[in-house]
Amino acid sequence: VADELERPGGEPVDHEAEPHLPSPTIWPFAFAAGVGLLLVGLIINWILAAIGAVIALIFGFLWIREATREVRARPLEEPEPEPVSELAVPEEGEEEPERYPRSVFLEMSTLGVGALIGGIVTLPALGFMIAPAFVDQGYDEVDLGPLANFPEAQYVIATFYSAEDEGSVGRRTAFIRNNGMKDDVPSFTIISNRCAHLGCPTQPSGLPGKAQEVKTSARPVTVTPVASVSGFQCPCHGGAYDAEGNRTAGPPVRALDRYHFLIKDGNLVLATPYSVGNVEGTGADAVIEAYPLADPGQHVDGPEQIFYPPKAWIPDS
Amino acid sequence: MARTRNKRQQQLMALVMAPLNWLEERSGLVGALKYFLFRKVPAETNWFHTLGSATLTAFLVQLVTGVILAMYYKPSPEEAFGSIQKITNDLTLGWLVRGMHKWGASVFIILLFLHMGRVFLFGAYKYPRELNWLVGVILLTLALGEGLTGYLLPWDETAYWATVVAININANAPILGPFLGDFLRGGAEIGEETLARFYSLHMLVIPGGLLGLILLHLYLVIRLGVTEPPWTRAAAGYEFEENGRGPVRKGLVEPRPRGNGSLGTPSRSEAEV
Chain A
1 VADELERPGG EPVDHEAEPH LPSPTIWPFA FAAGVGLLLV GLIINWILAA IGAVIALIFG
61 FLWIREATRE VRARPLEEPE PEPVSELAVP EEGEEEPERY PRSVFLEMST LGVGALIGGI
121 VTLPALGFMI APAFVDQGYD EVDLGPLANF PEAQYVIATF YSAEDEGSVG RRTAFIRNNG
181 MKDDVPSFTI ISNRCAHLGC PTQPSGLPGK AQEVKTSARP VTVTPVASVS GFQCPCHGGA
241 YDAEGNRTAG PPVRALDRYH FLIKDGNLVL ATPYSVGNVE GTGADAVIEA YPLADPGQHV
301 DGPEQIFYPP KAWIPDS
Chain B
1 MARTRNKRQQ QLMALVMAPL NWLEERSGLV GALKYFLFRK VPAETNWFHT LGSATLTAFL
61 VQLVTGVILA MYYKPSPEEA FGSIQKITND LTLGWLVRGM HKWGASVFII LLFLHMGRVF
121 LFGAYKYPRE LNWLVGVILL TLALGEGLTG YLLPWDETAY WATVVAININ ANAPILGPFL
181 GDFLRGGAEI GEETLARFYS LHMLVIPGGL LGLILLHLYL VIRLGVTEPP WTRAAAGYEF
241 EENGRGPVRK GLVEPRPRGN GSLGTPSRSE AEV
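Those sequence lines, one after another, are chains A and B.
Numbering-wise (the numbering used here), the first sequence opens with residue 1 and increments by one.
Numbering-wise (the numbering used here), the second sequence opens with residue 1 and increments by one.
The hints are simulated quantities; they were obtained by calculation from the structure and are not laboratory data.
All values derive from a computational prediction rather than experimental measurement.
Built from N, CA and C at the ideal position, the CB exists for glycine as well.
Some hints could be false.
Partial chain B-side listing against chain A, Cβ under 7 Å, derived [stated by the list, open to error]:
1) Q11
2) E192
3) P230
16 Å max Cα-Cα, derived EDC-like pairs, lysine to aspartate or glutamate [stated by the list, open to error]:
4) A:K311 with A:E166
5) B:K74 with A:E166
6) B:K74 with B:D156
7) A:K264 with A:D136
8) A:K311 with B:E189
9) A:K264 with A:D143
If you want the footprint, here are the derived chain A segments under chain B, 3+ residues with CB under 8 Å [claimed, not checked]:
10) 122-133
11) 308-314
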């Protein structure tokens with residue numbers, strides 16, 4: 001800009017020779033404010049988000065118009081007819097048949113064959129890179145031992161292994177409460193310890209008893225009874241839940257995940273985990289809003305769920 | 001050099017020059033290296049201009065120590081932690097190389113940000129260097145990716161839980177999040193697939209991208225020249241002619257002249273007209 005001012009006055013400006021710098025404009029600031037309002041609105045409420053979106057759209061449009069004004073203002077010139085060789089000059093009034101010289105054919109066929117070979121090599125490799133992460137997902141059933149280890153109306157911390165061959169990385173923890181019989185059907189509350197914020201391990205607030213090793217069919221399980229559990233807390237970012245796993249404070253976006261269960265030969269068996277939006281009531285009378293298992297931090301209910309499509313690749317069980 | 005050499009010095013000189021001349025005649029590499037090393041830079045360059053080279057040096061340290069660590073590290077859930085322990089405690093000088101790699105990673109990232117700050121505060125991202133800024137942004141992203149993937153490899157509690165949180169943050173991205181989370185984990189849960197793919201990303205994919213983009217970054221620096229600090233008027237590679245209409249640039253690129261026939265900076269006499 002300083003150079004502009006110092007240039008001797010009156011000289012016509014040749015825009016072609018200028019560096020193409022965008023002219024100073026305030027539209028980006030208004031656009032950014034609109035985007036900011038949109039993001040804040042997504043958290044606070046939808047009307048604010050809509051206003052932000054409208055502001056962003058209007059000022060984004062104005063910004064684009066400003067930025068492209070120079071290009072659009074340039075008169076569209078007829079391109080000069082390129083000098084062509086004598087052979088290719090069409091006679092006046094005579095239809096020239098389309099010509100495909102040998103060189104163009106060879107060029108195109110080389111490119112085509114190259115692209116074909118590239119595709120044949122690349123696509124399977126890409127598929128191999130991506131696909132295995134999404135197929136054969138699912139959860140093995142885990143035997144947690146005899147029902148006698150789970151006294152009624154008390155939480156028990158059960159530590160078990162989800163996979164056999166991965167060492168302590170496969171270690172999982174669930175909080176299990178025997179709710180007694182409801183309509184002659186046994187009822188258990190089985191809550192995953194995975195925090196619904198970013199997946200850290202939550203802890204029950206209560207008085208832990210003595211840990212006990214349980215022999216099961218395959219994998220070692222440890223059970224620790226906990227007296228008077230009032231809720232669960234996460235050490236990472238302060239998420240807090242009540243005794244049913246509903247969020248009471250902190251950043252989590254939903255309740256704690258739960259497990260389905262089976263009873264086989266008098267043993268409690270964990271089946272597939274599922275995500276929970278909210279729990280009404282307690283124990284055996286609880287009404288649970290169940291959803292397919294989602295990663296921590298993903299909304300399963302409310303308007304935000306449109307951002308997190310359910311994982312279609314998880315097999316039903 | 002005007003100083004006369006004695007016979008012995010001349011013999012020594014010929015001994016050094018013969019292979020260099022042989023190489024230069026057949027490849028031009030010596031000339032290219034000279035062009036690269038003895039470029040014109042602005043008169044008022046200062047210590048802040050060394051931050052880019054410092055970042056490159058930090059990257060090269062990571063490259064060398066990383067290659068050596070890969071000779072002893074075993075990327076499997078059963079052996080990863082043990083092999084790190086072995087490198088640190090048992091192998092000769094292993095503690096030093098691992099320490100260089102671990103602390104050098106932080107040094108690399110810190111220098112990247114300082115270099116970025118220098119470029120921003122000196123206005124070195126402006127025309128015609130916008131593209132180099134964009135390349136730098138991708139380099140920064142890749143470097144942070146190196147930090148993320150490398151953090152899992154020690155396979156201890158810190159590594160595991162930090163990666164749990166980091167992957168779940170990625171999985172919180174709208175729409176793509178659920179796909180991204182499972183892709184990074186290599187499945188529904190963190191396990192051996194996660195470790196293997198983070199290892200592959202950390203030592204093959206991302207370093208390859210970094211190397212290629214660093215070469216592009218350097219090429220653009222050489223092509224466009226070093227930016228002068230904002231408090232000076234003389235630009236890199238410009239030589240002012242006293243009686244000419246404007247500065248003449250000596251370098252690889254001849255910028256297109258302005259409407260009045262001058263280049264970027266008008267000469268003093270021109271400005272006073």
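So which hints don't hold here, by number, going up?
1, 3, 4, 7
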